[in-house]
Amino acid sequence: MNKTHQDTNGLARHTALFLAAALLIPASALAQDDETLTKQVELEEAPEAKGESYFDYPGMDELPEGEFGEAVRSGMEAFVNTLQHPEAKRHVGNGQNCANCHLGGGMAANSSPMWGAWGIYPKYRGKNDHVNTMDERIRGCFTYSMNAGASEAGGPPKPDSQLLKDMQSFMFWSARGAPLGENLPGRGYRSVEKPEDGYSISRGKSIYEAQCAVCHSGDGSGKFTADGKQIFPPLWGEKAYNWGAGMHRINTAAGFIKYNMPLGKANPVKKHAALSDQEAWDVSAYMNSHERPQDPRWEGDKASTAEKWHDHACLYNQEVRGHTLGEGTQ
Amino acid sequence: MQRRHRLGPLPALLLIALAPATAAANDLGEKLAKEGNDNGAAACVTCHGADGGGNGAAGWPRMAGMNADYLAKQLDDMASGERDNATMKPIASGLSAEERRAVAEYYAEMEVPAEAPGTDAAKSVLERGQAIAQQGLWRKGVPSCVACHGPGGDGVGADFPAISGQHASYIENQLTAWQDGNRQNDPNDLMASVAKRLTEEEIKAVAAWFASQPARPSAE
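If you read the sequences in order, they're chains R and C. When we follow the numbering used here, the leftmost residue of the first sequence carries the number 15, and every step to the right adds one. When we follow the numbering used here, the leftmost residue of the second sequence carries the number 413, and every step to the right adds one.
What the hints contain is simulated information worked out from the structure, not anything from laboratory work. Bear in mind the structure is a predicted one, so any value in this text is a computation, not a measurement. Treat the hints loosely; a few may be bogus.
Distance windows between CB atoms, simulated [to be verified]:
id : chain 1 : residue 1 : chain 2 : residue 2 : range
1  : C       : R551      : R       : Q344      : 37 to 45 angstroms
2  : R       : K322      : C       : G493      : 33 to 41 angstroms
3  : R       : N142      : C       : D532      : 41 to 49 angstroms
4  : C       : K501      : R       : E79       : 53 to 61 angstroms
Under 10 angstroms between C-beta atoms, here's a sample of chain R residues computed to sit facing chain C [claimed, not checked]:
id : residue
5  : Y68
6  : G118
7  : G119
8  : H144
9  : M148
10 : G154
11 : L194
12 : K243
13 : I245
14 : T338
15 : E341
Don't be surprised by glycine CBs; every beta carbon is placed ideally from N, CA and C.
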């Protein structure tokens with residue numbers, strides 16, 4: 015596993031994906047062949063921006079007054095300082111804030127901005143194979159990326175709870191004037207095609223140590239103040255996103271890393287990358303080659319969980335450095 | 413009463429155990445700060461003040477309460493030329509590695525000045541500076557200052573120095589130096605990358621806001 019790594023499973027599917035990319039068929043269209051995950055077509059990647067212009071989201075000086083304004087402010091606070099928000103923090107079972115993966119307080123283009131997400135829900139998601147409302151989508155984030163199972167509340171916020179109303183008020187406000195049902199440039203992360211020769215976890219380790227550890231610490235535990243405020247998010251271990259979060263997929267994290275990290279060096283809104291595609295995949299694989307909280311969809315053992323939920327580019331139930339990943343953390 | 417008596421000797425023993433090394437370093441650091449040495453290193457207090465608060469009019473930074481490793485690295489870099497500073501070069505070079513470490517620790521342990529350096533910037537400028545410091549300028553890809561320098565800009569470990577309670581003149585000079593490529597000793601080119609995305613007006617605003625904030629001990 016210390017040399018260049020090629021997935022051994024799903025080879026046919028990857029070949030199909032490669033062909034699809036070559037023919038400019040949206041990769042997601044092929045997901046129809048994958049019975050375990052997807053029976054319908056998901057939204058394809060967002061189109062390129064024309065020039066460098068993205069949706070013109072509102073500024074802080076446009077925050078509304080009154081009860082709706084209070085909901086927007088509360089939702090924004092829950093999004094940016096999730097670990098401090100009195101209600102949101104009860105549903106966080108790790109050390110993450112929403113804005114750690116959605117930079118710019120959920121506003122930065124190519125960093126999964128909320129203004130890009132708002133107008134495409136309700137939406138079909140292959141992940142759970144049904145149409146999701148935004149309410150359900152946010153609960154999914156809590157379940158996986160925020161590991162809500164280990165939180166004080168023991169799970170994600172209840173449907174239509176005040177917290178979810180507040181967070182949706184914030185998202186709705188952030189998308190004021192955006193067209194509904196349109197796949198806006200800047201939505202989601204850019205996808206970064208898997209390099210021809212796969213990826214290398216050991217190369218990823220070197221990149222991590224040179225470029226990431228200064229903020230996220232050598233052991234991936236991030237940095238916190240003495241009174242528990244998060245400064246830099248943990249990337250693996252018990253305070254990180256769990257094995258069910260989108261970020262544990264090597265392709266997804268590579269897409270995030272490529273145009274967002276290192277913070278301040280890459281620039282998502284200018285689509286400026288600090289790392290090559292290869293480096294983004296390598297370091298994503300290294301990050302995701304460590305233990306993290308268990309997949310909440312646990313099927314009783316790693317092999318069954320892997321078979322049912324991990325037929326994608328990830329290292330769950332794969333052996334790395336002599337250890338079969340997917341044990342979870344306590 | 414009995415409990416206090418039983419616990420009493422332990423802290424005292426610890427103090428005795430730790431005292432010699434710390435005291436020696438502090439003594440050397442204090443002597444250098446106040447008197448300099450015979451090898452060309454002038455006394456630090458001449459420019460940085462007896463309280464380590466620096467001098468805003470001259471652009472000398474506050475050092476009191478800053479991270480020891482950060483200060484030591486800056487002195488090392490100014491001695492080696494990694495950080496190009498004509499004024500500090502002869503002073504830092506006049507100190508041995510051990511002396512640079514001692515003086516860094518002396519200032520790190522010093523209490524932060526009670527008062528903010530202050531600024532005469534207009535309220536609108538301060539509000540703009542605060543917004544940049546806390547939220548960034550994401551329309552053009554500038555992260556907030558506090559994202560790396562920690563909540564309040566109080567500094568994080570050896571790599572992200574405190575910028576709250578720092579003189580506006582010093583912050584402006586440094587951001588400009590990074591923009592121009594005259595300062596390059598940041599980890600992974602992070603500060604230079606961000607500084608190059610800022611305008612002069614934004615630099616002035618953010619520098620003024622941090623100068624309006626009192627210094628606080630580092631976050632880590």
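Hint check:
Distance hint check for R551 (chain C) and Q344 (chain R): the Cβ-Cβ separation is about 42 angstroms, which falls inside the suggested range of 37 to 45 angstroms. Taking 33 to 41 angstroms as the suggested C-beta distance range, the pair K322 (chain R) and G493 (chain C) does not conform, at roughly 59 angstroms. For N142 (chain R) and D532 (chain C), the hinted distance range of 41 to 49 angstroms is not satisfied, since their beta carbons lie about 58 angstroms from each other. In this structure the supplied range 53 to 61 angstroms holds for K501 (chain C) paired with E79 (chain R), their Cβ-Cβ distance being about 56 angstroms.
The closest approach between the C-beta of Y68 (chain R) and any C-beta of chain C is roughly 9 angstroms, which is under the 10 angstroms cut-off, so the hint is satisfied. Among the interface hints, the one on G118 (chain R) holds; its C-beta lies about 3 angstroms from the nearest C-beta in chain C, closer than the 10 angstroms criterion. The closest approach between the C-beta of G119 (chain R) and any C-beta of chain C is roughly 7 angstroms, which is under the 10 angstroms cut-off, so the hint is satisfied. Interface restraint check: H144 (chain R) against chain C, minimum CB-CB distance 33 angstroms, threshold 10 angstroms, status violated.
Annotation: M148 (chain R) was flagged as interfacial toward chain C, and the flag is violated, the nearest CB pair being 22 angstroms apart, outside 10 angstroms. A distance limit of 10 angstroms between C-beta atoms decides the matter here; for G154 (chain R) the minimum to chain C is near 25 angstroms, and the interface restraint is violated. Evaluation of the L194 (chain R) hint against chain C yields a violated restraint, the C-beta minimum of about 23 angstroms exceeding 10 angstroms. Checking K243 (chain R) against chain C by beta carbon gives a least distance of about 5 angstroms; that is within 10 angstroms, so the hint holds.
Because the beta carbon of I245 (chain R) sits about 5 angstroms from the nearest beta carbon in chain C, less than 10 angstroms, this interface hint is met. Against a cut-off of 10 angstroms between C-beta atoms, the interface hint on T338 (chain R) is violated, since the closest Cβ of chain C lies about 33 angstroms away. At its closest, the beta carbon of E341 (chain R) sits 30 angstroms from a beta carbon of chain C; the interface hint therefore is violated under the 10 angstroms criterion.
Hints 2, 3, 8, 9, 10, 11, 14 and 15 from the earlier list are contradicted by this structure; the remaining hints agree with it.
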